[in-house]
Each structure stands twice: as structure tokens, then as C-alpha cells.
Amino acid sequence: MEQLNWYYPEDLNEAARLVSDGDKAPHSGGTALIRKGFRKIKSIVDLSRLPMHDIEVQRDRIEIGAMCSYDDIIRAFRSVDPGHVLVQSLKNSASTPLRNRITAGGSVAAFPAWSDFVGPLLLLDAKVDLIGRETGTFPLSNYLNRRELRAGSIITRILTENFPHKGLHYRETRTHVDYPAFTITLTAAPADGVFKGLRVVVVGNKERFRRLTELEAALNGKTGSILDSLNIDDFFPVDFPDRKHGSGEYLGHVARIALMDMLKMIAGGQA
Amino acid sequence: MKTKLTVNNKPVSVQFSPTDRLLDVLRNNGFSEVKEGCRDGECGACVVLLNGKLVNSCQVLAASAMDATVTTVKGLEKDKAAPIQEAFVDAGAVQCGFCTPGMVLATYALLQENPAPDTRQIQQALDGNLCRCTGYVKIIEAVQLAAERTNSHE
Numbered sequence: 001m002e003q004l005n006w007y008y009p010e011d012l013n014e015a016a017r018l019v020s021d022g023d024k025a026p027h028s029g030g031t032a033l034i035r036k037g038f039r040k041i042k043s044i045v046d047l048s049r050l051p052m053h054d055i056e057v058q059r060d061r062i063e064i065g066a067m068c069s070y071d072d073i074i075r076a077f078r079s080v081d082p083g084h085v086l087v088q089s090l091k092n093s094a095s096t097p098l099r100n101r102i103t104a105g106g107s108v109a110a111f112p113a114w115s116d117f118v119g120p121l122l123l124l125d126a127k128v129d130l131i132g133r134e135t136g137t138f139p140l141s142n143y144l145n146r147r148e149l150r151a152g153s154i155i156t157r158i159l160t161e162n163f164p165h166k167g168l169h170y171r172e173t174r175t176h177v178d179y180p181a182f183t184i185t186l187t188a189a190p191a192d193g194v195f196k197g198l199r200v201v202v203v204g205n206k207e208r209f210r211r212l213t214e215l216e217a218a219l220n221g222k223t224g225s226i227l228d229s230l231n232i233d234d235f236f237p238v239d240f241p242d243r244k245h246g247s248g249e250y251l252g253h254v255a256r257i258a259l260m261d262m263l264k265m266i267a268g269g270q271a
Numbered sequence: 001m002k003t004k005l006t007v008n009n010k011p012v013s014v015q016f017s018p019t020d021r022l023l024d025v026l027r028n029n030g031f032s033e034v035k036e037g038c039r040d041g042e043c044g045a046c047v048v049l050l051n052g053k054l055v056n057s058c059q060v061l062a063a064s065a066m067d068a069t070v071t072t073v074k075g076l077e078k079d080k081a082a083p084i085q086e087a088f089v090d091a092g093a094v095q096c097g098f099c100t101p102g103m104v105l106a107t108y109a110l111l112q113e114n115p116a117p118d119t120r121q122i123q124q125a126l127d128g129n130l131c132r133c134t135g136y137v138k139i140i141e142a143v144q145l146a147a148e149r150t151n152s153h154e
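Protein sequences, first through last, are from chains C and X. Going by our numbering, 115 is the number at position 115 of the first sequence; the sequence numbering is gapless. Going by our numbering, 123 is the number at position 123 of the second sequence; the sequence numbering is gapless.
Rather than coming from a laboratory, the hints here were simulated on the basis of the structure. Don't take every hint at face value.
[Claimed, not checked] To give a feel for the contact side, a few chain C residues facing chain X, derived at Cβ under 7 Å:
| id | residue |
| --- | --- |
| 1 | Leu-4 |
| 2 | Ala-76 |
| 3 | Phe-77 |
| 4 | Ser-95 |
| 5 | Leu-98 |
Glycine included, each C-beta is placed from N, C-alpha and C at the ideal position.
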């Protein structure tokens, strides 16, 4: 193997200069680099010394530094909103030692199919601050869909809305510590059996993620009794690939059942 | 590459290649209490406290741990580690012993933060540590026993 060089930038400008040529792999401490291997990598930029470790949870917004670990995020919500949908998702993601290591920025940048983090972020209309070849603030959905935004840039911060909605996060796994085949995340405002502010996102499907806007439009403003006559197939235009967990057809069937259960919980005030 | 780690409160100069994992660097420098299991972050045999946080050393690139402070099971404060180790023995939570260093470290990290965890909190704190012998019931009992003994001494 050729010599592999490590760089340790201590300020954001230096980091931006290093990553912008696109031939160096950023490393924030998580597992992606080890899992992908080093065959095509000549240089690594260690991001741990950059000032990206702060997290701020406000009533209407959340700011997460890219170097915050999953555990840092869970802790930040502990005294503010321990039932927050981000906490629900991250608490069940990976394992304790891995949650201490996986970072927010690295997790979004790598966006594995089994991500528990991206669904809640999409629900909260997250944006990412980038530096490098692309600099500025971009909607997370654009970042995930546009390769040119990812190459040669690093995430410095994730910004989301925050609101006192109830949230639910479902992960389809074979065992508790398994990677999910897919996740479904939803939030809705508490409103006495009426759907209000409902948002639903599926992650892990063939398109990687999908916000179910047709379903949201069909349910928002309606009472929970609409679920009795709802044909979920009409509002679930989602296909899954075959995975170790089961065939795509099977996963689609499970997802529809899980989603209906979640909607009933929201309608019944059980979330 | 070279760096100076602080392992179990002692400075240790180490050399490694750019893709080496912390697990291998520790074991190559005599810290054989850090066990090599799956090398995939699944089993927890290799956990250490890295700058005070429980991590899988097989999932940490040594080059990303420059100048770090590492604590293995042998470096835990004796007065806090002893009740945990004794509880594991007394509860029958040790059989082959391969997972035990990781279990003890995970228990230590939990009790440092939460001196009186309930069963669910114990299960969650130890969710990164696999044991193929005991079936976990006795391990959870050991953690509860360690918590009781630690609290009764304080």
C-alpha cells in the first residue's frame, strides 16, 4: 500500500482548503472509513480538532456541531426533552460504545441505508452548513441527493427546526442491536385526536428516503377515525430493495403495517 | 507514525502505521487485557475508555487518537473496580472470561454516570457487549450487585 498521509487541521479555513480538492477523505471518528477500507484513499483529514463540538437545543431550533457524537445529542436533550424524536432514534441506534464514537456530521455524510439519524433530521427540515468546494447552508435533502455537494466539502453544523410535537421512530430489525432494514419516523402536533402538523419520512427504501407528503396532506386536519377507511397502499408509493431482513415485497408489507400502527398511536394520543 | 498515549495513567510512546486500529496498537504494546473479538464493533471485547468515553478500540484508528488518554480494565481505580469485579465473580457472571474485561469497563462507565441503574438502563449500557456463555441474566445481576455494594460503601 502507498504511504497514507494524515492531516490535522485546527481551524475551519485550513480544513476547507484541505478537503476542497476532493482527493482526501474526511474522518470525524466514526466507523465509515474502517468499514469502507483504505484501498482508494491516499490522505485522511482528521476533523476532531475543529471547533464543531457544540450542540444547542432551543424551543424552535436545534444546532448540532458536526463533531457531536450520538451520545452528545442524547445528553443535550436529557433535561430538555428526553422523549424527542431524535433521542428515540439515536438511543436505539448502534450500541453504547459506537454511539460514543459516531458523529452527527460523519453519519449524515456517509448516510448508510440503515441510518437512524437521517429520518428525524428530514422531518425537522434540517439544513447543513458546508465548507470546502461548496460553502454555505443547504437543505439536507439537497445534500443527500446531489453528489457534487458532498465531494470536496465537509459538514460543519446541522441546523433543524424544533417544535413540541410528538414523535415516533420505527426501525425494522431482526434483533435489538441489528441494523434496520428501513426506518419510519413521524411527528405530529398533539391535537385531541385530530392530525395536525403530521410529517412522515421513510428511510432505507430504493430511493434511499421519501417524505410521504401525499399521506400528510390526506390526514392533516382529519380526525383519527379516517384511518378506518384509509387504504394505506394509495399513500405509500415506496419500494424496498431485497435485504438480509427479507424481500422487498415483505419489507413493504411490514412497513405498511408499522406505519398504520404509528398513525393509530398518534391519533389515540399514545405517542 | 508516532504518538504518546497516556495508558492507565502512564505515558506510552507508540509507533503504528496510518491504518492501524487502536486495538492493535494497544495489544502490540503489551495491553493484552484488551481482547480482540469481532474487529467489527459488534462484540465489545475490545472496549476501552478513550478520553473517558467507552469505545470499541477496533473501530478507532490509532491516528485519530493522537495524545489520547486510554484506560483499560487494568487501569480502573481500584476502589471502584474491585466491587464490580467481585460482583461478577459472586453473581456467577464469569464463565470463559473473554468478554469480562469489556463487561467490567462498560459497567464502570455506567456506574460512574448512574450509580443506581434499573434493569433497562443496564441492558442499554451493556448493549455493545456480547457474552456467548452466561446468557446475560447473571451479568445484569452482577451489575445490580456492584451498584448496591458501591453505593453502600459511599
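Cross-check of the supplied hints:
Look at Leu-4(C): its Cβ gets to within about 4 Å of chain X, closer than 7 Å, so that hint holds up. The restraint placing Ala-76(C) at the interface with chain X is violated, with a minimum CB-CB distance near 15 Å, outside the 7 Å limit. For Phe-77(C), the interface hint is violated, the least distance from its beta-carbon to any beta-carbon of chain X being 15 Å, above 7 Å. Hint on Ser-95(C) holds. Least Cβ distance to chain X is approximately 3 Å, under the 7 Å limit.
The beta carbon of Leu-98(C) is positioned within 7 Å of a beta carbon in chain X (closest approach about 6 Å), and the interface hint is therefore held.
In summary, the structure is inconsistent with hints 2 and 3 from the numbered list given earlier, while agreeing with the others.
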